[in-house]
Each structure stands twice: as structure tokens, then as C-alpha cells.
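Asker: Those protein sequence lines, which keep their order, are chains L and G.
In terms of our numbering, the first sequence is residues 1 to 267.
In terms of our numbering, the second sequence is residues 1 to 291.
The set of hints was computed from the structure by calculation and includes no laboratory data.
A quick note: this is a predicted structure, and the numbers were derived from the prediction, not measured.
Mixed in with the good hints there might be a few duds.
[Claimed, not checked] Taking lysine to aspartate or glutamate and the EDC-like style, the derived pairs with C-alpha atoms no more than 16 Å apart in a straight line are: (1) G:Lys3 to L:Glu164; (2) G:Lys3 to L:Glu161; (3) G:Lys3 to L:Asp232; (4) G:Lys3 to L:Asp130.
[As the list claims (entries may be wrong)] What the simulated footprint calls covered on chain L by chain G, stretch by stretch (three residues with Cβ under 8 Å from a Cβ of chain G suffice, anywhere in the stretch; the number is not a length): (5) 46-56; (6) 122-131; (7) 175-188.
[Said to hold, decoys possible] Label pairs and their calculated CB-CB ranges: (8) G:Ala185 to L:Val76: 43 to 49 Å; (9) G:Met284 to L:Met231: 26 to 32 Å; (10) L:Val72 to G:Lys93: 32 to 38 Å; (11) G:Ile138 to L:Leu55: 49 to 55 Å; (12) G:Thr279 to L:Gln52: 31 to 37 Å; (13) G:Trp275 to L:Ala186: 31 to 37 Å; (14) L:Pro174 to G:Trp275: 31 to 37 Å; (15) L:Val65 to G:Asp127: 32 to 38 Å.
Beta carbons are placed, not taken as given, at the ideal position from N, Cα and C, and that holds for glycine.
The lines below spell out each chain.
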Amino acid sequence: MKSRSSAIVMVLYLLFLMIPIYWLVNMSLKTNAEITGTFSLFPNNLTFRNYQVILTDPSWYMGYVNSIIYVVMNTVISITVALPAAYAFSRYSFIGDKHLFFWLLSNRMAPPAVFALPFFQLYSSIGLFDTHIAVALAHCLFNVPLAVWILEGFMRGVPKEIDETAYIDGYSFPRFFVKIFMPLIASGIGVAAFFCFMFSWVELLLSRTLTSVNAKPIAATMTRTVSASGMDWGVLAAAGVLTILPGALVIWFVRNYIAKGFALGRV
Amino acid sequence: MQKIQNNRAWFLVLPVLVLVAFSAVIPLMTVVNYAFNDTFGNNEFFWAGLEWFDEMIHSDRLHAALGRQALFSAIILAIEVPLGIFVALNMPKKGFWSSLVLVLMALPLLIPFNVVGTIWQIFGRVDIGLLGHTLEAIGLDYNYVNDPIDAWATVIVMDVWHWTSLVALLCYAGLQSIPQAYYQAAKIDQASRWAVFRYIELPKMKGVLLIAVLLRFMDSFMIYTEPFVVTGGGPGNATTFLSIDLVKMAVGQFDLGPAAAFSLMYFLVIMLVSWVFYTVMSNMDKAEAGQ
Numbered sequence: 001m002k003s004r005s006s007a008i009v010m011v012l013y014l015l016f017l018m019i020p021i022y023w024l025v026n027m028s029l030k031t032n033a034e035i036t037g038t039f040s041l042f043p044n045n046l047t048f049r050n051y052q053v054i055l056t057d058p059s060w061y062m063g064y065v066n067s068i069i070y071v072v073m074n075t076v077i078s079i080t081v082a083l084p085a086a087y088a089f090s091r092y093s094f095i096g097d098k099h100l101f102f103w104l105l106s107n108r109m110a111p112p113a114v115f116a117l118p119f120f121q122l123y124s125s126i127g128l129f130d131t132h133i134a135v136a137l138a139h140c141l142f143n144v145p146l147a148v149w150i151l152e153g154f155m156r157g158v159p160k161e162i163d164e165t166a167y168i169d170g171y172s173f174p175r176f177f178v179k180i181f182m183p184l185i186a187s188g189i190g191v192a193a194f195f196c197f198m199f200s201w202v203e204l205l206l207s208r209t210l211t212s213v214n215a216k217p218i219a220a221t222m223t224r225t226v227s228a229s230g231m232d233w234g235v236l237a238a239a240g241v242l243t244i245l246p247g248a249l250v251i252w253f254v255r256n257y258i259a260k261g262f263a264l265g266r267v
Numbered sequence: 001m002q003k004i005q006n007n008r009a010w011f012l013v014l015p016v017l018v019l020v021a022f023s024a025v026i027p028l029m030t031v032v033n034y035a036f037n038d039t040f041g042n043n044e045f046f047w048a049g050l051e052w053f054d055e056m057i058h059s060d061r062l063h064a065a066l067g068r069q070a071l072f073s074a075i076i077l078a079i080e081v082p083l084g085i086f087v088a089l090n091m092p093k094k095g096f097w098s099s100l101v102l103v104l105m106a107l108p109l110l111i112p113f114n115v116v117g118t119i120w121q122i123f124g125r126v127d128i129g130l131l132g133h134t135l136e137a138i139g140l141d142y143n144y145v146n147d148p149i150d151a152w153a154t155v156i157v158m159d160v161w162h163w164t165s166l167v168a169l170l171c172y173a174g175l176q177s178i179p180q181a182y183y184q185a186a187k188i189d190q191a192s193r194w195a196v197f198r199y200i201e202l203p204k205m206k207g208v209l210l211i212a213v214l215l216r217f218m219d220s221f222m223i224y225t226e227p228f229v230v231t232g233g234g235p236g237n238a239t240t241f242l243s244i245d246l247v248k249m250a251v252g253q254f255d256l257g258p259a260a261a262f263s264l265m266y267f268l269v270i271m272l273v274s275w276v277f278y279t280v281m282s283n284m285d286k287a288e289a290g291q
């Protein structure tokens, strides 16, 4: 009895989540005439034209390439600098550590809207405007603090005795860190990388502000569908569907860690 | 865990410090600079002191945006947190279904913000959207472009759609850590379902729940892209939240001074509330470690 009511709740909730997405997929497979002309739950004349437009036009598909480039760069940078810092926070107490930790977290709380204009000026003045690295660095603003926070949670779960034993065995710090410690928190690193990927992938305000042509993210390219001849709903929907796919792939790979990951290592 | 006192740990933190200083402190100082100066272009700045702050503190526009923002965040938390807990309690615990449910639930979280906006913009439209069309068909006069109430409802439902899973997944992680023995003990004591929730599940979820509230508060308070895509802040100013107003002011009207003063106060409000959450959270960590 109990499990049946649970199942009903879950089915209803998942329907609520999936129907809007289904509608987007449905629209992406229709022609514009059908979208605006008739109202149907299924595409009557199945067409892949909308996808074809995107996948054959470099100004469209380069948007995906750009997004993926800066997201990967950001993830690598964030994790690389966050690892030693998280280790320091989880193992040592030092002057100002608590204040520093909160200051880091406070950057995660900074509204991107506050930073959009200064970022634009900063990166323009050092000649990084419209490059992938500019977006990657800008996204570090909220991803590095998050990565430190997550990794610190996972590292706290590793007993300190392991470090001490390794040092007694003659391991130097870098060798111990890479050879012994990192494998121990591999799932934590995966989770942190997942979150960096996620927040960098979904962010638009900063990435749009910092790019114009060469590094323009797909999400910004999508605004192109409004043209003089009206809205190209079909292509817009197809572009939307294609932005969901990378996320879906990543989730599938980390599905076994997802629950623990969402608790940021704190259960 | 007992931590070792060692100030050389600063060296390990240094890379983060340099990076975040570059991507946070420099831009923030630019904002501070604007906030205290007036400019007429040509990179000439004149000291304005607290003038902009004074103007902003007494600005009706800011008060209205802040009011809308606070109401929005309050509604979001009031819906998403209980709903998230409820969903988490009903999630399958293991097996194939559990993986599938997890993946499907996490899906909205990885959709770019403006695509979320686009999805709901399309979904809610009366002419081509399923939601708008259905509501119209059953006789409701629904139009999120012209009606403020409908616009609010759409933005709130969209946010619930987008983020409830985050709360649910966090709670689910908390629930997974409860040993089966607790439930057996409760069964022997013939505890009611409510008692199990109140005395076993809720205390175990407390930590993750606080993270959920913290994240949802921060992100809903900074929300920009999704409502901007769906309603553009309209109709009128009905859904112009703080970030939307700020971008309008800074980029649209190029009122840098007031916008910068606004930014700083905005940041302070978020930080203040987050600091309260953070303090509560670290006190809880300490209490747990002390047990």
C-alpha cells in the first residue's frame, strides 16, 4: 500500500518534470507552419530540418564547441586549484582560516549581475575579451568556492592517520597527495567536477557578456532565432534540446554518486 | 577531527587566493570605485561620496524590487523545501528504478538557464504551448504576457520545476545515510509514520536541508536569466527582480554610479543572510563532532 502511493507520487512528479521537456522535443520535430498553424501532441509531419539547420551551420554548432571548451577549461582550473586548498582547510588550522573560508563562500553568493560590467571592463583591458579563457576564469568566481566546499567535505571523511602513515613511510607531500590521497577521494573529485561542469554549463549572463563572436556560447546564439521574418520556433526548440543532451550524458555517468554528491560529501 | 596548527597551510590556499582575487576582488573594487564616483564619460571621475548610496536607499524603485525579490524567495522556499522533502521520502531506495528516477530528476538542473526560460516561454504560450493552450481550453483566462498574477505564477512554477529536484536529491542523500536498524527499532516501538519522520528522518536530514535552504536562498535571490527570458521583467515591472533591475540600470541606462551602489548593497544583503545560515551550519557541524 505504502509503496503504491509512493509510486503514484513519483510518477506525478516525474510527469511534471518531463512534460515541458517533451513539449520542447515535440516542437523541435515539427515544421514552423505546423507549430503555429495546428495544435497537436505529436508531430504530424516528422521533420529533422531544424536539427539539420543547426548541425550544418558553423555559426550554430560552433556555439556548442565554444561552450564545451570553456566549461572543460573551467572545470580543470577549478579542481586543480581547489584540491590543495581543500586539503589545507580539512587538515590544518591556520591564522584566518575560518574567515578565509567564509570569504571564499561569499563569492559563490555574489550575484553575477553585479560582476557583469566590471568583468567586461577587466577582460577588455587585458585583451582577453571574447576568448574561452576569459569565460573560464570568470566562472571560477562561483565554481572555485563550490569546489573547495565539496572537496573539503569529502576530505574530512578520510582519517588523518593515513596522511601520517604515508609521511612516516617517506612519502613527500606532492607524491602522497597524487598517489595516495587523490585516489581515496576520487568520487569527491568526480562530484566536484560534475558541479563545476553543471554551473558553468548553465550560466549565461557572464558568458554572454564576455564574448561576442569567437567564443560565443550556444545559449547566447539561441537568441538569433528572432528575426525579421518572425520567430523560428522549430530551430529554437531544436537548439534547446541539443543543450540538454550534454547534461543528460554527464548525469548518466555520475548517476551512482549523484545522491552523495548532492549532499556535498556531508552525510 | 583535531586539526593541526600550521600556518604554512597558507601556501596550499595560495592558488585559490590568487585566482579568486583576480576574478572577484578586482571587479568588486571596480564596483566600489563606481559607487563613490560620478563620471561624465572620457574616463574622468569625480568624487561623489555617499550620494549614490543615499539616492539608492531612498529609491522607491529599489524598495519595490527588493520587496518583489523577498516575496519571490520566500514563496520559492516555502514551496520547494516541503515539496522536496516529500518527494525525497517517496523516492525508490535502490535498484534500477532508483537510478532512473535520479537521472530524470537531475535533468532540469543541467539545462542552461535561458533554455529553461525558453522551455517555459514556449510551454506557457496560449497559441503554441501545451500549458497555455490547456488552461485556455478549460476556460481560464491565462496570459503570462499581460497579466501580472499569471506572470508570477509562471515564474514560480518554472522555478519549482527547475530546482525542487535539488532539494529532493539533497534530502534523499540524507535519508540514505539512516541505518536500517533505526527503522526497525521504530517499528518495534510502534512509532507512527509522523514520529518516524519527526524523530528519525528529519534530524538526519537537518544538515543537508540547511545546505539546500542556503543554496536555494542564494540562487533565488540572484535569479536573472529565467524570468528575463520568460517575462522580460514584465508586465510593467511585475517580475523585475533585483538582478533584472540592476542589469537594466547598469547596462540599459548606463547609470553606473547608482547601479554600483545598488550592487554593493545587494551583495551585502545576500552575504548577511548567508552568514547567518553558515554560522548555524558550522555550529551544527561542531555539535555533531562533539557528540
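Asker: Of the numbered hints stated earlier in the document, which are not met by this structure?
Answerer: Hints 3, 4, 5, 6, 7, 9, 11 and 12 not satisfied by this model.
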